[in-house]
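Residue numbers (full-length UniProt numbering), protein chains in the order written: chain G, 1 to 218; chain W, 1 to 218; chain S, 1 to 218; chain C, 1 to 218.
Do not take every clue at face value.
Said to hold, decoys possible - Each pair of labels, with its calculated beta carbon distance range:
{"#": "1", "chain 1": "S", "residue 1": "GLY127", "chain 2": "C", "residue 2": "ASP160", "range": "50 to 60 Å"}
{"#": "2", "chain 1": "S", "residue 1": "GLY127", "chain 2": "C", "residue 2": "ARG53", "range": "20 to 30 Å"}
{"#": "3", "chain 1": "S", "residue 1": "SER114", "chain 2": "W", "residue 2": "LYS74", "range": "21 to 31 Å"}
As the list claims (entries may be wrong) - The calculated BS3-like cross-link candidates involving lysine-lysine, where the alpha carbons are at most 30 Å apart (straight line), are:
{"#": "4", "chain 1": "C", "residue 1": "LYS197", "chain 2": "W", "residue 2": "LYS199"}
{"#": "5", "chain 1": "S", "residue 1": "LYS87", "chain 2": "W", "residue 2": "LYS197"}
{"#": "6", "chain 1": "S", "residue 1": "LYS199", "chain 2": "G", "residue 2": "LYS197"}
{"#": "7", "chain 1": "G", "residue 1": "LYS74", "chain 2": "G", "residue 2": "LYS52"}
{"#": "8", "chain 1": "G", "residue 1": "LYS124", "chain 2": "W", "residue 2": "LYS52"}
{"#": "9", "chain 1": "W", "residue 1": "LYS52", "chain 2": "W", "residue 2": "LYS74"}
{"#": "10", "chain 1": "C", "residue 1": "LYS197", "chain 2": "S", "residue 2": "LYS199"}
{"#": "11", "chain 1": "W", "residue 1": "LYS124", "chain 2": "S", "residue 2": "LYS74"}
{"#": "12", "chain 1": "C", "residue 1": "LYS74", "chain 2": "G", "residue 2": "LYS48"}
{"#": "13", "chain 1": "C", "residue 1": "LYS87", "chain 2": "C", "residue 2": "LYS124"}
{"#": "14", "chain 1": "G", "residue 1": "LYS197", "chain 2": "C", "residue 2": "LYS87"}
{"#": "15", "chain 1": "C", "residue 1": "LYS87", "chain 2": "G", "residue 2": "LYS151"}
{"#": "16", "chain 1": "G", "residue 1": "LYS197", "chain 2": "G", "residue 2": "LYS124"}
{"#": "17", "chain 1": "G", "residue 1": "LYS124", "chain 2": "C", "residue 2": "LYS87"}
{"#": "18", "chain 1": "S", "residue 1": "LYS52", "chain 2": "S", "residue 2": "LYS74"}
{"#": "19", "chain 1": "W", "residue 1": "LYS124", "chain 2": "G", "residue 2": "LYS197"}
{"#": "20", "chain 1": "W", "residue 1": "LYS124", "chain 2": "S", "residue 2": "LYS197"}
{"#": "21", "chain 1": "S", "residue 1": "LYS87", "chain 2": "S", "residue 2": "LYS151"}
It is worth saying that the hints were derived from the structure and are not from the lab.
Glycine residues also receive a C-beta, built at the ideal position from the N, C-alpha and C atoms.
Spelled out from the first residue to the last, the chains are:
4 protein chains.
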Amino acid sequence: MTRELRWTELADVKDELAARDWFPGTSGNLSIKITDEPVTFLVSASGKDKRKRTDEDFLLVDRHGIPAEETHLKPSAETGIHAQVYKLTDAGCCLHVHTIDNNIISEMYASEGSITFRGQELIKAFGIWEEDGEITVPIVENYADLEQLAKATASAINPDTRAVLIRNHGITVWGRDAFEAKKHLEAFEFLFTYHIKLKSLNLFHGVKRYTAKKIINF
Amino acid sequence: MTRELRWTELADVKDELAARDWFPGTSGNLSIKITDEPVTFLVSASGKDKRKRTDEDFLLVDRHGIPAEETHLKPSAETGIHAQVYKLTDAGCCLHVHTIDNNIISEMYASEGSITFRGQELIKAFGIWEEDGEITVPIVENYADLEQLAKATASAINPDTRAVLIRNHGITVWGRDAFEAKKHLEAFEFLFTYHIKLKSLNLFHGVKRYTAKKIINF
Amino acid sequence: MTRELRWTELADVKDELAARDWFPGTSGNLSIKITDEPVTFLVSASGKDKRKRTDEDFLLVDRHGIPAEETHLKPSAETGIHAQVYKLTDAGCCLHVHTIDNNIISEMYASEGSITFRGQELIKAFGIWEEDGEITVPIVENYADLEQLAKATASAINPDTRAVLIRNHGITVWGRDAFEAKKHLEAFEFLFTYHIKLKSLNLFHGVKRYTAKKIINF
Amino acid sequence: MTRELRWTELADVKDELAARDWFPGTSGNLSIKITDEPVTFLVSASGKDKRKRTDEDFLLVDRHGIPAEETHLKPSAETGIHAQVYKLTDAGCCLHVHTIDNNIISEMYASEGSITFRGQELIKAFGIWEEDGEITVPIVENYADLEQLAKATASAINPDTRAVLIRNHGITVWGRDAFEAKKHLEAFEFLFTYHIKLKSLNLFHGVKRYTAKKIINF
Chain G
1 MTRELRWTEL ADVKDELAAR DWFPGTSGNL SIKITDEPVT FLVSASGKDK
51 RKRTDEDFLL VDRHGIPAEE THLKPSAETG IHAQVYKLTD AGCCLHVHTI
101 DNNIISEMYA SEGSITFRGQ ELIKAFGIWE EDGEITVPIV ENYADLEQLA
151 KATASAINPD TRAVLIRNHG ITVWGRDAFE AKKHLEAFEF LFTYHIKLKS
201 LNLFHGVKRY TAKKIINF
Chain W
1 MTRELRWTEL ADVKDELAAR DWFPGTSGNL SIKITDEPVT FLVSASGKDK
51 RKRTDEDFLL VDRHGIPAEE THLKPSAETG IHAQVYKLTD AGCCLHVHTI
101 DNNIISEMYA SEGSITFRGQ ELIKAFGIWE EDGEITVPIV ENYADLEQLA
151 KATASAINPD TRAVLIRNHG ITVWGRDAFE AKKHLEAFEF LFTYHIKLKS
201 LNLFHGVKRY TAKKIINF
Chain S
1 MTRELRWTEL ADVKDELAAR DWFPGTSGNL SIKITDEPVT FLVSASGKDK
51 RKRTDEDFLL VDRHGIPAEE THLKPSAETG IHAQVYKLTD AGCCLHVHTI
101 DNNIISEMYA SEGSITFRGQ ELIKAFGIWE EDGEITVPIV ENYADLEQLA
151 KATASAINPD TRAVLIRNHG ITVWGRDAFE AKKHLEAFEF LFTYHIKLKS
201 LNLFHGVKRY TAKKIINF
Chain C
1 MTRELRWTEL ADVKDELAAR DWFPGTSGNL SIKITDEPVT FLVSASGKDK
51 RKRTDEDFLL VDRHGIPAEE THLKPSAETG IHAQVYKLTD AGCCLHVHTI
101 DNNIISEMYA SEGSITFRGQ ELIKAFGIWE EDGEITVPIV ENYADLEQLA
151 KATASAINPD TRAVLIRNHG ITVWGRDAFE AKKHLEAFEF LFTYHIKLKS
201 LNLFHGVKRY TAKKIINF
């Protein structure tokens, strides 16, 4: 796929997430890989209104997150996190958005360092089809030093990780391509919102859940 | 009505439900009957982004859910459930969507095996105009084995059933045509959301409700 | 203003409210007055999908709600309520919609027969500018007999009434024209949602509220 | 930038906020500065449906909020508040909207006179990048006398203020231009909604919060 097509793919995802108000106050950023060896990727330019679609929404950066071409644009301050994701995973696209519910989850379970979901059909969106499949999202503290934050995010990634929550700083989620990254994001947001709503109804004690066969801890 | 018109009808319903984010993470699927004897129906191809409208969104399958024509498309893994609905009811269209609230209801009342609504005007959407009319939705466990799940769904259907909830796996709802299936879906989602909100306000103890004439159990 | 312009006005309001999903399951209906003496008005045809805009969405009826012209269309079953509103008030447009929150309010305060709002800026939307201004919405039971329901609604209307809630059956709201009817509807829905949310936060005991000058009962 | 371009900028912001239903019941108003010395600004005409885009949505007023040109339009009754903002700050654009959550926050913390947010990434939207950065929003009573209300709002503004909440009367927020005003508004609304949701989950006692380094009071 050419760079132009990938730009369009990323811009389409941006438009769809912006329409859901998932980039409040110009927060959030997106990237898509262009080349593998060495890694280069398109990433959000800093501080843009994500509701608008322009020729300056993204710029090409190298594997360190440094502009790979002459440009007056500045990459998002959090480009280092995207660079870590491309370094440590097989991601082809990486999305970072703030929603009320991903921030709530990051705060609720910050002291535990992660949250694990079980017994929910949406877990299949991560390619997990086992009856007792589960998905864990690590939660890291929101270091003001962005280099430290990128390292903390990197250290939370293992081969099963599809996303990292930063405390009160949204989710960073990825997939092999834009389609899969968006699929993962939607599934996580569904799980977050569902969990919070059940919790608010006092139906949900702890993150352990039933499987179809037996109740584990409920 | 020709197959092309029915395709358009189904695609229109898909667009409308997708705009409400009722297909999170590529979940959910839809179908519409094309012929009666033998039954054939158009059903969602597996794993598509429901936000996009393409010529490959649906494929024709037979009454067993097997492709009825040569195609490279794979029917949704849950096509067997649609096949059961067409076998057991007079449905002309069948919708399966995940919403936060239909999942919450499925979890809240899973152990009771069903939920019954009374005393709500929206019940008229099911063609029930009696003052003390009621509508019951059975809830089945979410078996990982999809054949077992289709059978469990089938065994929950009786002549008054308009929908089945699968625990933490959304609603399957139908109607004589796409218009009625969507009407039923909207009415159920309204009843689910209303019930949960009243419950969270502690105004609602049990599923029994008043009729306009007398308070039954409130 | 000609009948064609009024049709367009009503269809525009319908489109806007439908986009908010305020006509779930084909519920709800709208009307706009065409002539004064004798009263005739355009009213929703029965059982239409309010998301679609067609030439058959409305039909002309007389002051009793009977079709005023030859037509194959059937007026909404609740046309009698609209007829009462035009008989008893100076309304030029009347809207009936179901929202989760107007149903919740109708259930929460059904036994009191009404709800009164005070101390909220949005009350100015009703043309009430006094510092201690208030607005009361009567709540009537949802009689299955639609003639009885129209009478109950009529008996709840006094010169200060801008809307009536039917228990678990939505709001009927009006204004001198489509613009004012929609303004009133939006303001009521805001007050309902605000009230429920404050209540769920346990901040709001009873419907009495403060004015800017003194706390009355809080 | 010419007046025409600024008109378009303001109309675009209006369209976007109206699509979110942030102007319920024709409430709310917007303005954008046209000249500095003396100050003139475009401000919403009174009582318009903000969902529609017309040539009469705004009119030019002077620094006292009096029409600066011959017009049949009436400036919004709250133009005096905008005039104070332009007098006391470097604002180039000022937005006033009612949302459920800004009204809830204004009521929850009215007796304390303000609310302070800490430890939330979205605070960066205000140009505050310190690890323990915080943002305070003053809350003033909703005086029915609009001149008194403008004075109360003015007296709440200090050099660090980016917005003022009026009790049960929405937020007035500004920025150097339309882009920044909207950014600030979105960030505040996110903080308000997040705070209320955490509070409703009983996770949040008081407005004090942690920083990434240490828990202050939680």
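Cross-check of the supplied hints:
Range check, S/GLY127 to C/ASP160: about 38 Å between beta-carbon atoms, so the 50 to 60 Å window is missed. For the hinted restraint 20 to 30 Å between S/GLY127 and C/ARG53, the CB-CB distance of approximately 25 Å keeps it satisfied. Distance hint check for S/SER114 and W/LYS74: the Cβ-Cβ separation is about 57 Å, which falls outside the suggested range of 21 to 31 Å. Annotation: proposed proximity of C/LYS197 to W/LYS199 holds, straight-line Cα distance about 17 Å (limit 30 Å).
A C-alpha spacing of about 36 Å is found between S/LYS87 and W/LYS197, which places the hinted pair above 30 Å, so the restraint is violated. For the hint linking S/LYS199 to G/LYS197, the alpha-carbon distance of about 17 Å falls within 30 Å, and the restraint holds. As the CA atoms of G/LYS74 and G/LYS52 are separated by approximately 17 Å, the hinted pair is consistent with the 30 Å bound. Straight-line distance between C-alpha atoms of G/LYS124 and W/LYS52 comes to about 21 Å, which keeps the hinted pair within the 30 Å bound.
The hinted pair formed by W/LYS52 and W/LYS74 meets the criterion: a straight-line CA distance of about 17 Å does not exceed 30 Å. For the given pair, C/LYS197 sits about 13 Å from S/LYS199 by alpha-carbon distance, which is consistent with the 30 Å threshold. Between the alpha carbons of W/LYS124 and S/LYS74 the distance comes to roughly 17 Å, so the proposed pair stays at or under 30 Å and holds. Under the criterion of a C-alpha separation no larger than 30 Å, the hint pairing C/LYS74 with G/LYS48 is inconsistent with the structure, at around 35 Å.
A hinted pair counts as satisfied when its Cα atoms are at most 30 Å apart, and C/LYS87 with C/LYS124 qualifies at roughly 26 Å. Our distance criterion of 30 Å between C-alpha atoms is broken by G/LYS197 and C/LYS87, whose separation comes to about 45 Å. For the hint linking C/LYS87 to G/LYS151, the alpha-carbon distance of about 46 Å lies beyond 30 Å, and the restraint is violated. Simply put, G/LYS197 and G/LYS124 have alpha-carbon atoms about 21 Å apart, close enough for the 30 Å limit, and the pair holds.
Restraint check for G/LYS124 and C/LYS87: not satisfied, since their Cα atoms lie roughly 57 Å apart, outside the 30 Å limit. Distance hint between S/LYS52 and S/LYS74 is fulfilled; the C-alpha atoms sit about 17 Å from each other, no more than 30 Å. With a C-alpha separation of about 28 Å, the suggested pair W/LYS124 and G/LYS197 falls inside the 30 Å cut-off, and the hint holds. For the proposed pair W/LYS124 and S/LYS197, the alpha carbon gap of about 28 Å is at most 30 Å, so the pair holds.
Taking the CA atoms of S/LYS87 and S/LYS151, the gap is near 12 Å; set against the 30 Å cutoff, the hint holds.
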